[in-house]
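Undergrad: Generate the whole structure from the sequences, applying the supplied hints.
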Amino acid sequence: MTSRGVMKFFFGIYAVMFFGYLFGPLIIMSISAFNSSSYPRVTPWECLTGEWFVKLANDARLVEGLQNSFLIGICVVLVAVPLGLAGAIMLTQIGNRVRSFYYTVVICPILVPGVVLGISTLIFWRRLGNMVGAEDGSLLFNDIFLTVLGQATFISAYCMLVFIARLQRFDPVQEEAALDLGATNVQAFTKVLLPFLKPAMGSAAVLAFLASFENYNTTVFTSQATSTLTMVLASKVRYGIDPSISALAVIIIGLTLAGAIIYEVLRRREARIAAQRLADGLPGGKPAPKPGFGALPQMAGIMILLVVVAGVATTVVASGYNAEACKAEIMQEKLRIQEKFAEEQRKLREERMKQQQNEAPAAPAQPKAASPFGNVFDPNNLGSQSGTAKPEPEAPAKPASPFGNVFDPNNLKQQSGEQ
Amino acid sequence: MLLVNYFRWFFTKNGLVLGSILMGAVAFWCIVMIILPQMFMLDYSFRLNLAPHEYGTAKDVLTLENYEYLLYGSSANTDSFNFQDLGVFWRTIVAALFVTAFDLAICYPIAFYMAKVAQGGLSRLLVLSLIVPYWVNEILRAFAFRIIFGASGIINETGMDLGLWDQPIDFIRADVALYAGLSYAYILLMIFPIYNAIESLDTNQLEAARDLGSPWWRIHWRVIIPYAKPGITSGCTMVFMLTAGALAAPQILGGPSSLWFTQRVYELFNKAIHWPRGSAYAFVLLVACIVIVLLLMRLFKVRLGEIAR
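Line order of the protein sequences matches chains L and Y. 692 is the number of the first residue of the first sequence in my numbering; add one for each residue after it. 41 is the number of the first residue of the second sequence in my numbering; add one for each residue after it.
Keep in mind that the hints were calculated from the coordinates and are not lab data. Don't take each hint at face value.
[To be verified] Facing chain Y, a subset of chain L residues (Cβ under 7 angstroms, in silico): (1) Ser-723; (2) Pro-731; (3) Gly-778; (4) Val-796; (5) Pro-800; (6) Pro-804; (7) Arg-818; (8) Asn-908.
These numbers come from a predicted model, not from an experiment. Even for Gly, the Cβ is constructed at its ideal location relative to N, Cα and C.
TA: This is the structure:
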């Protein structure tokens, strides 16, 4: 029994670490969106602020990328859902010998690296365009057209998997009955099979849109001139970080959480209704007798979430009034630290000058100079050094440009060595 | 003859209208979207870097030059091999294998717990809590790791505050951030196949093994892992392929001195503008991934049919 306890203990530690790894980055990123520091960080907390959300909303490139992503996402849904549906139906009607080959062909876009899909789509349509002598602005060279096709190549396979899962529970006898009763093929398809597949269509559409929306690897090749949201984000992150990206992450995480909760609530309600029908022994049995009461816990959950969101929002808005004051305070604090440091530096130098006049310089000067190195990596203090260095009577022995390398942290050491 | 029979059967079953739509859609997807682009890319990788008006002229010949470049480098190269690109390639494959192994190690216990230990509600909650991070954009996830591992990120600040080290450690240059970010990105794709496999295992088998006196590690080794092997292989395949083909995370988290092979391909397309060579590199990546996956399957004695759910 004790070994069991030990195992439970270790598993507990492991589970905490695992979920820390899973959620830690997202939590830290979300918190950094509310810190006024211009580098996204949590630890030196400066001021609670909502300014990064405002900056995000005013970013024209991001908004344009968002529009492109929406357009592409909707087109991908329109292409991938029908293709996936056709692919899944085809799988049920194909001979055994061809089936595994066919399945390999349509499943492989999921496994092929997205980069390869993007490149192959780009090259194929470019070459085709050149062969038929298409003009430069024509459809075959259109970024959005290529991106939709490139993404739909593998997203259709996702949709197909969703449809296959649903089709496995379809009883073909239903369709045969419809045909026997005089329905045409098209009628049997639209009146029997399609209604049965409707829930799968919903999930496939959502899946397709989300997959398209967050795709980067394929899009970056097929869309040579048009930027989607992920491409704008990637270039922003690569060439300079600021917390407005964290703000976007907060919004996306919030939407995901809300989506997950709504999905879970709907699923539970469906399960409860189904259970009720089963209990009543009716195929179309009446809904649960006291839905208001039964749904209470979920409603409470949603309410709590809304309250939390509203609370955070109000805090941010309310803090908008004193954020400026807070920032001014922080600025003053920084200035004070700088001044204090400058003062220390000046004293140190004066002391060293006196020392130099009295005794041999190098050996004793070294350990004293060591103390300012303690926080030499703080970017502020180098700036203040140069400020204090200017009025100094003893200019460093660098004739060409005395302050040219004043930002070099080795500077002080050099000076003290030379003197 | 067989084909004609099949078509006759297919069109009587579906009717002319529906049958043509189905056939057309599937043909478009398979041929125009999947097979032809791959073949064009393969063909293009054997060509010289020409301007569009030179296509089809005498200059437009098939050549192995692009593949030779990957092996031997440019003619000005004095080394016997193109160590730079081959090194990037090798590093990418090895790092992707490492990330896959790491993900397998951290995901197996959670998958087992979710499948066999956790009760209904808790298990459901765990599944949801795994999905939420996965739907956050790939780039934002990489960005989060950049915040954490940056020179003034939370790890460096905490470490220095605690006095563990006194200068910021450059996690980005050391590629720690990259490996952490890549492992993070595909956790879900490792967990779910394993979870599905273990969940379908009859719990009675575990109890029987326990009743017969088997210690817990032997139950895993002799009962669960052999049973879940298709799921494990499927998870490893997906994680390996996605890691080796990742582009965003290496671009954001990669150190300045180390490249990922996909970044090299990206450079060839967008900076060097040498598409045929880029195609050749992409094709080599594709083939290498497929070969490694097939080797893994041979190693674990799993067939392709078992993997495809």
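Undergrad: Now tell me if each hint is right for this structure.
TA: Okay, the hints, checked on the actual structure:
1. Ser-723: With a minimum Cβ separation of about 6 angstroms from chain Y (threshold 7 angstroms), the hint on Ser-723(L) holds.
2. Pro-731: 5 angstroms, holds
3. Gly-778: With a minimum Cβ separation of about 6 angstroms from chain Y (threshold 7 angstroms), the hint on Gly-778(L) holds.
4. Val-796: 6 angstroms, holds
5. Pro-800: 6 angstroms, holds
6. Pro-804: With a minimum Cβ separation of about 3 angstroms from chain Y (threshold 7 angstroms), the hint on Pro-804(L) holds.
7. Arg-818: For Arg-818(L), the interface hint holds, since the closest Cβ of chain Y sits about 6 angstroms away, which is under 7 angstroms.
8. Asn-908: Holds: closest Cβ of chain Y sits about 5 angstroms from Asn-908(L), inside 7 angstroms.
Violated hints: none; the structure is consistent with every hint.
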